[in-house]
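**Q** Here's the letter readout for the chains.
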Amino acid sequence: EAGVTQFPSHSVIEKGQTVTLRCDPISGHDNLYWYRRVMGKEIKFLLHFVKESKQDESGMPNNRFLAERTGGTYSTLKVQPAELEDSGVYFCASSQDWRGGRDTEAFFGQGTRLTVV
Amino acid sequence: GENVEQHPSTLSVQEGDSAVIKCTYSDSASNYFPWYKQELGKRPQLIIDIRSNVGEKKDQRIAVTLNKTAKHFSLHITETQPEDSAVYFCAASPPHPVYGGSQGNLIFGKGTKLSVKP
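So the sequences go chain by chain: A and B. Heads up, the first sequence stops at 120 in my numbering, and the numbers go up one at a time, no gaps. Heads up, the second sequence stops at 684 in my numbering, and the numbers go up one at a time, no gaps.
If you're looking for bench data, these hints aren't it; they were derived computationally from the structure. Mixed in with the good hints, there may be bad ones.
Here are the computed lysine-lysine pairs in the DSS-like style, where the Cα-Cα straight-line distance is at most 27 Å [unchecked claim]:
1. A/LYS44 to B/LYS634
2. B/LYS624 to B/LYS634
3. A/LYS47 to B/LYS676
Just chain A, with the same shape it has in the complex (with noise of 0.2 Å):
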């Protein structure tokens, strides 16, 4: 079984422009994370997906970000225009359905690392 792959794995861009980071969760799952880790601290929440869905997106920093998951299947992250703060390395995750009380593990992608130059 194919895990979470994210893409690209390395991004540099510089300040001001667009990229777009995707996520394809492990089939079948329904709930899709986003998170992101600045060099040196910890790894923040951004998003929650629920199928198409946004369950929770109190982590996103700002309306640069947009994320969208369309169909319910991979999800993309944008950021425009990009920042210096905005690098990091950002992960995706995804579990399965957690409903009637099931805590269900969180598989986590490689990640994206994105420079803004």
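Take the given structure of chain A and dock chain B to it, following the hints.
**A** Here is chain B on its own, set in the frame of chain A:
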């Protein structure tokens, strides 16, 4: 909202020794506490987790303890090996307001870089 503190930030041990990493959380309603291991250049992977109705859980050389009253939980690795070297993250997850289980989104600590010297 939930806040997770993790200590130490770096830990160096000799092969065969034990390693302990401690985390505290602020939201008493959090009910799910996973630990992730991230080796250099690889994805974070779940190594053990504990729910709030359990005080301790073991899996071979790894154990996690939870003290709900004090709102802290710890990872214990015994008989450490060089392949245990990695960054370890603790996390807490608040409950879903309707379903009661973990809501899914994780609040992480800052990580502990563990080095095991042969």
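**Q** Between A/LYS44 and B/LYS634, is the straight-line Cα distance small enough, at 27 Å or below?
**A** holds, 25 Å
**Q** Take a quick look at whether B/LYS624 and B/LYS634 sit within 27 Å of each other, Cα to Cα.
**A** holds, 18 Å
**Q** Regarding the pair A/LYS47 and B/LYS676, is the alpha-carbon distance no greater than 27 Å?
**A** Holds, at about 9 Å.
Every hint, counting from the list given before, is met by this structure.
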